[in-house]
Structure formats: structure tokens, C-alpha cells
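Chemist: Spelled out from the first residue to the last, the chains are:
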Amino acid sequence: MGMRFSDLLTRISQVGVATPRHLGPDPELLLGQSLELAGPGQLAFLEAGHAMASALAASNAAAVLLPLEADLQRQATERGLAWVALADPRLGFAEALGALNPRPRPPAGVHPSAVIDPSTRLGAGVHVGPRVVIGAGCLIGHGSTLHPGCVLYEDVHLGEDCEVHANAVLHPGTRLGRRCVIHSAAVIGSEGFGFVPTPSGWRKMPQTGRVVLEDAVEVGCGSMVDRPAVGETRLGEGSKIDNLVHVGHGVHLGRGCALAAQVGIAGGAVLGNGVILAGQVGVANRARIGDRAIASSKSGIHGEVAAGEVVSGYPAIPNRLWLRCSAAFSRLPEMARTLRLLQARLGTDLGGPD
Amino acid sequence: MGMRFSDLLTRISQVGVATPRHLGPDPELLLGQSLELAGPGQLAFLEAGHAMASALAASNAAAVLLPLEADLQRQATERGLAWVALADPRLGFAEALGALNPRPRPPAGVHPSAVIDPSTRLGAGVHVGPRVVIGAGCLIGHGSTLHPGCVLYEDVHLGEDCEVHANAVLHPGTRLGRRCVIHSAAVIGSEGFGFVPTPSGWRKMPQTGRVVLEDAVEVGCGSMVDRPAVGETRLGEGSKIDNLVHVGHGVHLGRGCALAAQVGIAGGAVLGNGVILAGQVGVANRARIGDRAIASSKSGIHGEVAAGEVVSGYPAIPNRLWLRCSAAFSRLPEMARTLRLLQARLGTDLGGPD
Amino acid sequence: MGMRFSDLLTRISQVGVATPRHLGPDPELLLGQSLELAGPGQLAFLEAGHAMASALAASNAAAVLLPLEADLQRQATERGLAWVALADPRLGFAEALGALNPRPRPPAGVHPSAVIDPSTRLGAGVHVGPRVVIGAGCLIGHGSTLHPGCVLYEDVHLGEDCEVHANAVLHPGTRLGRRCVIHSAAVIGSEGFGFVPTPSGWRKMPQTGRVVLEDAVEVGCGSMVDRPAVGETRLGEGSKIDNLVHVGHGVHLGRGCALAAQVGIAGGAVLGNGVILAGQVGVANRARIGDRAIASSKSGIHGEVAAGEVVSGYPAIPNRLWLRCSAAFSRLPEMARTLRLLQARLGTDLGGPD
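Protein chains in written order, with numbering that gives the first Met the number 0: chain A, 0 to 353; chain B, 0 to 353; chain C, 0 to 353.
If you are wondering where the hints come from, they were derived from the structure by calculation, not from laboratory data. These figures come from a predicted structure and were not determined experimentally. Keep in mind that a hint or two might mislead.
One copy or two, it doesn't matter: identical chains are merged, so the pair holds either way.
Below, in silico cross-link-like pairs of lysine to any residue (SDA-like), each with a Cα-Cα straight-line distance of 20 Å or less [what the hints assert, rightly or not]:
#	residue 1	residue 2
1	Lys203	Glu231
2	Lys203	Glu46
3	Lys203	Pro171
4	Lys203	Asn284
5	Lys203	Ile275
6	Lys203	Gly267
7	Lys203	Arg10
8	Lys203	Glu236
9	Lys203	Arg102
10	Lys203	Gly97
Throw the hints in and build the complete structure from the sequences for me.
Modeler: Put into C-alpha cells, the structure is as follows:
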């Protein structure tokens with residue numbers, strides 16, 4: 000199952016391997032590993048920036064993908080490592096891992112324990128695993144894979160080459176584009192949390208809309224994307240969502256966004272393209288976040304964030320300001336003391352804190 | 000499947016439609032939509048407060064539910080929209096969506112792929128979907144619906160007209176009142192996180208209690224309600240819980256509470272009636288929160304919150320104070336600078352921050 | 000099913016019951032309960048520290064486990080309660096609950112609705128419940144229990160006496176030691192959130208590593224432990240994880256850690272032994288936390304935390320400092336006012352906040 004380094008380089012040519020290289024004995028590679036832990040038969044990589052550069056001198060990797068830095072290349076040659084230099088070694092490593100670890104597509108066919116409504120239509124090459132349940136009127140695109148135990152309610156449409164992992168659930172009316180991935184225990188299209196207060200308690204607002212995932216959207220394990228009362232909840236093409244994320248009813252997410260684990264987005268928020276939210280960020284109802292904005296972990300966003308802005312804290316403020324405010328926060332007891340002393344020196348008491 | 004506006008108004012009469020109205024051509028309505036996006040055959044609504052009032056002048060909705068404001072009514076008539084004025088247009092819209100989108104109850108019966116212990120008793124009209132598993136000694140109330148893949152361990156009791164969504168799990172001893180809804184991938188009655196430190200590691204405290212949900216409680220997707228070591232975890236009548244919420248062992252929640260997504264309530268906390276916790280709020284062990292208290296998003300509550308109080312921040316403080324403190328936080332670097340300058344002017348160094 | 004108090008004490012002898020005791024009428028005990036709610040046939044306990052000491056004088060428990068404090072023992076005798084004094088009454092209560100509520104191991108055998116790949120090997124005494132799916136090449140250790148609806152992908156190894164609860168999912172390559180418990184809807188070994196930015200969007204980094212749980216690790220409901228691109232995600236022996244926790248790809252957790260609900264640990268973080276993280280704590284990529292460090296709820300950790308340190312806040316700082324800073328935070332508006340008044344008194348405006 001191994002592969003010569005030279006053959007691997009041919010396989011990953013789309014990331015540009017015409018750059019300097021040193022095949023040495025052209026080792027047989029079996030798998031990838033981190034630079035510190037890699038041994039014989041293993042491929043590692045090193046990014047520009049040198050944080051791990053010292054690990055290179057001690058590495059026992061068989062081969063390494065390097066950035067375009069001559070001294071690192073010399074160092075690798077001296078260590079006796081095969082190497083190639085790439086503009087983006089991390090991207091090359093992704094390609095290489097894919098080549099070294101091909102994931103065979105599960106064979107087409109329907110497991111006899113699956114329960115599929117006769118009105119549902121399956122495309123060519125679809126794999127339906129054990130105990131899958133598919134309701135009425137669904138369309139499953141060519142080449143899609145449904146892993147064991149996932150449940151599709153009625154009227155769910157999947158584009159080509161989608162993958163739905165074990166025990167995930169897709170609710171009525173959900174639409175997935177092509178090449179979407181829904182990870183285990185994720186739930187797409189469930190009822191939004193809409194209740195109207197009345198004198199006799201909370202009255203549910205019927206959630207009659209749907210969830211639409213455009214092409215190549217990925218939703219992590221245990222993440223929840225709710226459908227709205229009316230209209231759509233929409234996740235734009237190529238957006239990626241980590242585990243345990245909540246996306247409320249009616250949220251619109253642009254293309255190419257990345258939401259880290261445990262992010263929560265309340266109903267009606269609108270995010271542009273390329274937005275990045277770090278872990279545990281919260282976005283309030285109807286907030287608006289511009290293209291390519293970034294929120295650092297745990298920040299809480301109300302109102303509006305401009306395109307390209309980097310925000311932090313709760314309520315979120317510009318990251319640079321927040322860094323200075325946070326530093327000052329940890330000196331608050333001293334500041335309070337200084338204030339007291341200044342007042343004492345002036346022989347006055349202005350009612351400040353004590 | 001559509002419905003004349005005049006017929007719809009008859010159907011939603013319980014929210015008070017004797018108020019001014021303008022049927023115009025009495026349009027046929029098919030579904031609801033937001034005021035900006037609504038077109039022919041679609042119903043929208045507008046709440047008092049006018050945030051969307053400008054959308055009314057441009058709306059292409061067929062009909063609209065309005066608040067009791069004469070100028071909006073005149074505007075709608077001029078635009079040629081059918082309308083009715085209601086004291087609570089949002090509530091009326093909820094009623095209307097329900098009338099326009101009737102959800103037929105799944106037919107009574109047990110799917111042949113379900114696995115049900117013979118000691119379990121099913122009420123009349125119960126629907127058990129594919130791949131449901133029900134353990135020994137369960138009681139399923141009349142008219143309840145169990146969607147595909149949900150699992151009931153032994154000794155679980157459901158009241159009448161409950162709905163358990165796909166792949167949800169109810170653990171031993173769980174009790175649900177009438178009209179409860181458990182959404183997909185939620186887990187009710189699992190073991191609380193109780194461990195006693197010992198020299199040889201954590202020793203599990205057996206969790207021998209149970210979870211009780213009173214009537215009309217709703218638990219969101221992927222939310223977890225744990226059972227306690229002894230006694231009960233109890234969620235009061237009509238309380239509504241959004242997605243990915245954690246309710247620890249022994250928590251007592253009053254009636255009519257609303258917990259937004261990703262709230263976490265640690266073991267033993269006691270919440271009164273009508274408490275509202277916004278997204279990502281945390282409540283510490285044994286905290287006590289009074290009736291109708293509100294916590295804004297991301298706040299963290301220790302100790303006690305009085306009835307009716309509105310709190311924010313971590314640790315949570317009164318919301319009005321927190322708003323002023325947060326505003327001051329973003330000016331901390333300036334405050335530190337002013338302190339330094341004041342000291343310099345007084346020709347002294349009091350040891351404050353630098 | 001009850002048990003005499005004297006017999007119970009024999010059963011829990013491993014926690015040291017040779018200390019003073021008062022059997023009184025040697026009551027028959029049926030179950031445990033809290034000190035305030037306990038009645039006839041019920042056992043309660045009271046820890047050192049007296050927070051509940053007043054409840055003892057009013058308790059109707061049949062018997063109580065007390066700390067080594069003579070006045071409490073006298074009080075219990077006067078109240079007519081049977082009691083025993085223990086160095087650790089909470090630990091004794093855990094033992095007693097276990098004795099009073101024996102959990103019979105499910106009978107060995109495979110439910111006919113389970114789907115098991117023929118290449119998988121089951122140890123002696125294994126229980127496989129309804130609708131379980133087990134992929135190719137798995138090894139299930141002796142005495143393990145797989146509850147209904149759980150899914151094991153291919154090449155999953157479980158040690159002896161593991162328990163996997165309903166609808167949990169174990170992904171390819173996952174390794175569990177002995178006596179591990181995976182709670183409902185948890186997902187172990189799913190793909191880490193690794194994407195490389197490219198001009199044409201996010202490119203997935205293949206996740207070719209695995210998740211390893213050492214002996215006696217417990218993972219709560221709906222918690223997610225991801226596998227890394229290369230190498231391992233590893234949870235050390237005896238570590239306990241509560242509900243809805245995210246453990247990112249490549250995280251290493253030491254032995255005997257405890258992670259409370261909704262904690263999130265980003266990829267590559269390294270935690271030592273005995274680390275305790277309270278609810279909703281976040282740990283950033285590649286952070287390092289030393290042995291026995293503690294983080295209070297909602298704190299956010301970047302960089303490094305020394306062994307034994309107690310930290311709070313975001314960014315996390317030493318807990319003692321944070322307590323003082325938080326107290327000062329709520330006085331910020333007053334501090335700002337004092338600063339303004341000081342400037343006015345000095346007849347100057349230094350550009351501070353207004």
C-alpha cells in the first residue's frame with residue numbers, strides 16, 4: 000500500500016512540485032506523521048515561519064515537505080531526508096495524505112435492514128447502510144453515501160456525492176447541494192425555536208420554512224441547523240462548520256465561511272462570505288457580519304461587524320482595542336488603589352470606589 | 000391547499016379578529032413569508048414598533064396582519080393589500096401558519112422494524128416509526144408519536160400526545176407529561192456527572208434518581224437532561240428548551256421557562272417560573288434564580304438572582320450596571336493613561352499601572 | 000429488595016466503617032435520598048462543613064452517613080436516626096447507592112436486529128442490543144455492553160467491560176481501553192476540523208489518525224472527540240468528560256482529568272494529569288495545561304497554565320487576581336467618574352474618558 004516519494008510527488012502535482020527537491024534514496028512512504036514523531040516510511044511537513052524548524056534537525060521522517068526556504072532545504076539534505084519545497088507545504092501535505100490514504104467509496108447498494116419509502120428515488124451508485132430510514136418523496140443524488148442509522152424525514156433532497164454519517168438526522172424539506180458532508184449526530188432542518196408569549200404560556204410559531212445547504216457545505220458532529228418559520232436558513236457554498244455548533248432559524252451564511260466548535264448563531268443573523276468565527280463565539284439575533292470578518296474565540300456579537308474587521312470580547316469590539324483593554328483589566332485592582340491614593344493626596348473624597 | 004383570507008380569519012378567531020380589516024379582493028393564501036419577501040398568495044405580518052414599517056409600503060404580500068395603528072392600516076389599503084389589525088399580530092401569524100400548514104398526525108400503528116418489549120403498553124393511536132426501540136415496562140400515552148430511530152430504555156412513561164423525534168434517547172425511569180416534544184438527538188434521563196475523588200481516581204456516584212418533564216415541555220435537538228444521584232431533575236410545565244442545552248443532575252426548573260441554545264445549568268440549580276436565559280448562559284452548581292428573572296446571552300450566574308431581575312456578564316451583575324461597566328471597559332486604556340498623567344502632574348508615582 | 004443498615008455497612012466496608020456508629024433499630028433501607036427529603040426506608044448523608052447541618056435536626060431519614068464530628072453524631076442519636084461516621088461520607092454514600100441499586104449486567108447475546116460484520120470478533124459475555132451496527136474488523140472485549148442503536152464503524156477495538164450507550168457512534172480506528180463508558184449520542188473518532196485555505200476555497204486535510212481512550216475513561220452524552228490528521232487524540236486513564244464537550248483533533252489529555260459540560264478544547268492542546276475544567280471553559284489551539292491545574296467556569300485558556308494553578312476569566316489569569324479584577328469591573332463607572340472629578344479639580348483635561 001506504500002508509495003515512492005517520487006510517485007507521490009507526481010500525484011500531488013496540482014499544488015506545484017516543480018520547485019527544488021531532493022529525492023535521496025526515494026523512500027517508500029506509508030503514512031503521514033508530525034515532524035517530531037515521524038519515523039521510517041513516514042512523511043512530514045514544515046510550514047514557513049520556523050516554529051518547528053528545530054524539529055527538522057532531529058527528525059527521523061523518511062521525507063518532508065518544506066517551504067521555499069533555502070536554509071531549511073540545506074538542513075534537510077544534511078539530515079539525509081528526502082524533501083521537496085512547496086509554496087504551501089500544508090496544502091501539499093493534505094494532497095499527500097489523500098494519496099497515501101485513499102478512502103474507497105462504499106459499494107453501491109441498499110442494505111436489507113434499511114427502510115426506504117417507495118416514493119423516494121435513489122441516484123446511481125448510492126450506498127445506503129444498515130438501519131438507514133428514508134421517508135417519502137426524497138431524492139438522493141448520484142454517488143451519495145448514507146451511513147448506518149441516519150434518518151431522512153420526508154421531502155429531503157441530496158445532491159450528487161453527498162455523505163451523511165451515522166445517526167445524523169435530516170428533517171422535512173431539507174435541501175443539500177453537491178458534495179455536502181453531514182457528520183454523525185448532526186441534525187439539519189429541525190424546527191426553529193420560535194415561541195410567542197401569551198397569557199397562557201408559550202405558543203409555538205409553526206416553522207414552515209426549510210434549510211438549504213449549497214454545494215460543498217460540511218456540518219460537524221452534533222451540530223444543529225434549524226429551519227425558520229418562513230423562508231430559508233441558508234449556508235453558502237463551501238462553508239465548513241465544526242462540532243456542536245447551533246445555527247438558528249433563518250440564519251444566512253455566505254460562501255466559504257468557517258465556524259469553529261460550539262459557536263452559536265441566533266435566529267435571523269446574516270453573515271457574509273469568508274467569515275471566520277472561532278470557538279464558542281455567540282452571534283445575537285439579527286446581527287450582521289460583513290465579508291471576511293473574523294471573531295476570536297468566545298466573543299459575543301450584537302449589531303453589526305464591518306467587512307474585514309477582527310473583533311473580540313463581549314460585547315465584541317475591535318481586536319486591537321480589546322487586547323489593550325484586557326491587559327488593563329488585569330491591572331484594575333492597582334488602578335483602583337492609585338485612584339484612592341490620588342484622592343488622599345488631594346485631601347478629598349470624590350465618592351469613588353473603596 | 001390554499002385558503003381565502005376571510006376564511007383564514009375565521010379560523011384564527013381565538014386571537015381576536017373583530018378589529019378593523021380590509022379584505023380587498025379576499026386573496027387566496029398559500030403560505031406565510033416575511034414582509035419583504037412575500038409575494039402573491041403569501042401572508043405576512045408586521046408588529047407594533049415600526050422597525051419594518053417602511054417594508055409595508057413596498058410589500059407585494061397578498062395579505063398582512065397589522066398592529067392596531069391607523070396609519071399602517073391606511074398605508075396597507077393604499078398599497079392594495081388585504082389586511083386585518085390585531086392586538087398581537089405575531090400571535091395571529093402563528094395561528095395563521097398553523098392553519099395554512101396543517102401537520103397531519105402520523106397514522107396509528109407500529110412499523111414492523113420497531114423493537115418493542117412485550118411488557119410495554121401502547122395507548123390508542125400511538126405511532127411507532129421504523130427502527131424505534133422500546134425497553135421493558137414502558138407506558139406510551141394515547142396519540143403519541145415516536146419517530147424513527149429513537150430509543151426508550153426500560154421504565155419510561157410518556158403522557159398523551161407526546162412527540163419524540165428521530166434518534167432521541169430516553170433513559171430508564173424518565174417521566175414525560177402530556178404534549179411534550181423531544182427533538183432529534185436529545186437525551187433525557189442519562190446519568191448525571193457525579194464522581195467522588197479518591198486516592199485511586201474518580202469513583203462514580205450512582206445516579207439512581209429520575210428526570211420528570213411536566214406537561215408541554217419541549218427539549219431541543221441535542222439537548223441533554225441528566226438524572227440525579229437521588230430524587231428528581233424536574234422541568235416545569237410549559238418550559239421550552241432550545242438546542243444543545245445541558246441541564247445537570249437535580250436541577251429544578253419552574254413553569255414557563257425559556258432556555259436559549261447552548262445554555263448550561265450545573266447540578267442542583269433551582270430556577271423559578273418564567274425564567275428566561277439567553278444563548279450560552281451558564282448557571283453554576285446550586286445557584287438559585289427567582290421567578291421571571293432574565294439573563295442576557297453569555298452571562299454566568301453564581302449564587303442568587305432575585306425574582307424579576309435582569310442580569311448580564313460574568314459574574315452576572317444587574318444588566319443596567321453591566322451596560323455601563325462594559326462601556327467603561329472599552330475605555331480602560333484611556334483611563335490608565337489619564338491616571339499616569341495625573342500622577343505625573345502631581346509629581347508622584349503611586350505605584351499604579353504603567 | 001431492601002437491606003438492613005447493618006448489612007449495608009458490611010457491604011461498604013472498603014470505605015472504612017469501623018468508626019463510631021449507632022444502629023438503633025437497624026432500619027431496613029430501600030434507597031438513598033437527600034437529607035431534607037429523606038423519609039422512612041431512606042438513607043442520606045452529610046458531609047463535613049455543616050452547610051446542611053441544620054437539616055439533620057429535622058431529618059426523617061431512616062439512617063444517615065455522618066462525618067467524624069461528635070456533635071453531629073449526638074444530634075443524630077437524639078433525633079433517633081441510625082448513623083455511622085465515616086472519613087468520607089460522600090464516598091460511603093456512593094458505595095451505599097451502588098449496593099442498594101445493583102445494576103444487573105444485561106444478558107450476554109446478540110439481538111437479532113443487530114447488524115454485525117462477519118469479520119468482527121465478540122468476546123465472552125458481550126451484550127449487543129437491538130439495531131446495533133458493527134462494521135468490519137472490530138474487536139469487542141469480554142463483558143462489554145452495546146446499547147440499542149449505537150454504531151461502530153470498521154476497525155474499532157473495545158477493551159473488556161466497556162459500555163456504549165444508545166445511539167452513540169464510534170468512528171474507524173477508535174481504540175477503547177477497559178471499563179470505558181460512552182454515553183448516548185456521543186461521537187468518538189470522527190474527522191477533525193482540518194481545512195487548508197486555497198484560492199478556490201477550503202481544502203480538507205484528510206484525518207488519518209485515530210482516537211485512543213485509555214482504561215476507565217467516560218465520555219458524556221453528545222460529547223465529541225475528533226481524530227487528528229496524523230497520530231492520536233488520546234484521553235488518559237480514568238478521565239471523565241461530561242455532556243456536550245468538544246475535544247479537538249490531536250488533543251492529549253492526561254490521567255484522571257475531569258471536564259465539565261460544554262467545555263471545548265481546540266486541536267493540539269495538551270493537558271496534564273488531574274486537570275479540572277469547569278463548565279463552558281474553552282482551551283485554544285496548542286495550549287498547554289499543567290498537572291492538577293483548575294480552570295473555573297467560562298474561562299478561556301491560551302498559551303500555558305502552570306501545574307497546580309487555578310485560573311479564571313478570558314483571557315485566563317490567576318483566580319485570586321481575577322476575583323479582585325472582577326470586583327473592580329463592577330465599579331468601573333464610579334472609577335471613571337472619580338477620574339473626571341480629579342481632573343476637574345486640577346483644572347485640567349487630560350483626554351480621559353468622558
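Chemist: Output the indices of the hints that this structure fails to meet, ascending.
Modeler: Result: no hint breaks.
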